[in-house]
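Required output: the full structure, derived from the provided sequences and hints.
Just so we're aligned, residue 429 is where the sequence shown starts under the numbering used here, counting upward by one.
Be aware that one or more of the hints could be misleading.
[As the list claims (entries may be wrong)] Pair by pair, the computed Cβ-Cβ distance ranges are:
{"id": "1", "residue 1": "Met470", "residue 2": "Leu495", "range": "23 to 29 Å"}
{"id": "2", "residue 1": "Met470", "residue 2": "Asp532", "range": "38 to 44 Å"}
{"id": "3", "residue 1": "Ala451", "residue 2": "Ser523", "range": "56 to 62 Å"}
{"id": "4", "residue 1": "Pro534", "residue 2": "Glu486", "range": "28 to 34 Å"}
{"id": "5", "residue 1": "Arg456", "residue 2": "Ser520", "range": "42 to 48 Å"}
Derived by calculation from the structure, the hints in this document are not laboratory data.
Yeah, the Cβ is synthetic: ideal placement off N, Cα and C, and Gly gets one too.
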Amino acid sequence: MRQKSTDMREDFESHKGFTDELAELRGRIAELESWRTEHKWMADELKQSEARFRNLTERAMVGVYLLQDDAFVYVNPRMTSIFGYPPDEFESDLSLRDLVLPDDWPAIKNNFVPSVSAAEDSFNCQFRAVRKDGEVIQ
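Quick look at the structure:
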């Protein structure tokens with residue numbers, strides 16, 4: 429009788445351990461599903477934000493660009509028409525320095541680069557730029 433009682437106790441403890449583990453796994457699954465839902469929502473929000481940005485910049489009457497590590501990662505159509513370079517040349521071959529008249533580069537280097545490094549909200553500096561065909565833009 430003693431053996432049967434011990435076996436039943438072990439079965440009960442084994443079953444309880446299994447039940448507890450199952451409840452923990454269900455909790456983890458619920459957390460993952462919640463995370464997945466939140467992640468999908470965030471991804472959708474990011475896509476909508478990118479679409480609004482592109483819609484705004486693609487129709488802008490001024491040149492808009494994004495630089496990363498001194499390389500163009502985005503230029504809008506107005507930027508390409510101002511400087512005469514197609515988007516792929518901007519994004520593969522050019523740096524900001526290539527567009528600035530050499531005599532004006534020190535002003536850009538001394539003002540623009542530090543302001544970007546400091547994550548300032550704005551930067552204002554007058555300079556002359558150079559188009560692909562060599563024409564100077566005042």
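Each hint, compared with the structure:
One distance hint, 23 to 29 Å for the beta-carbon pair Met470 and Leu495, holds here, with the actual separation near 26 Å. A hinted range of 38 to 44 Å holds for the C-beta pair Met470 and Asp532, which are about 42 Å apart. For the pair Ala451 and Ser523, the beta carbons lie near 58 Å from each other, so the given range of 56 to 62 Å is met. In this structure, Pro534 and Glu486 meet the distance hint of 28 to 34 Å, their C-beta atoms being roughly 33 Å apart.
Take Arg456 and Ser520: their Cβ atoms lie about 46 Å apart, and the range 42 to 48 Å holds.
Going through the hint list in order, the structure satisfies each hint without exception.
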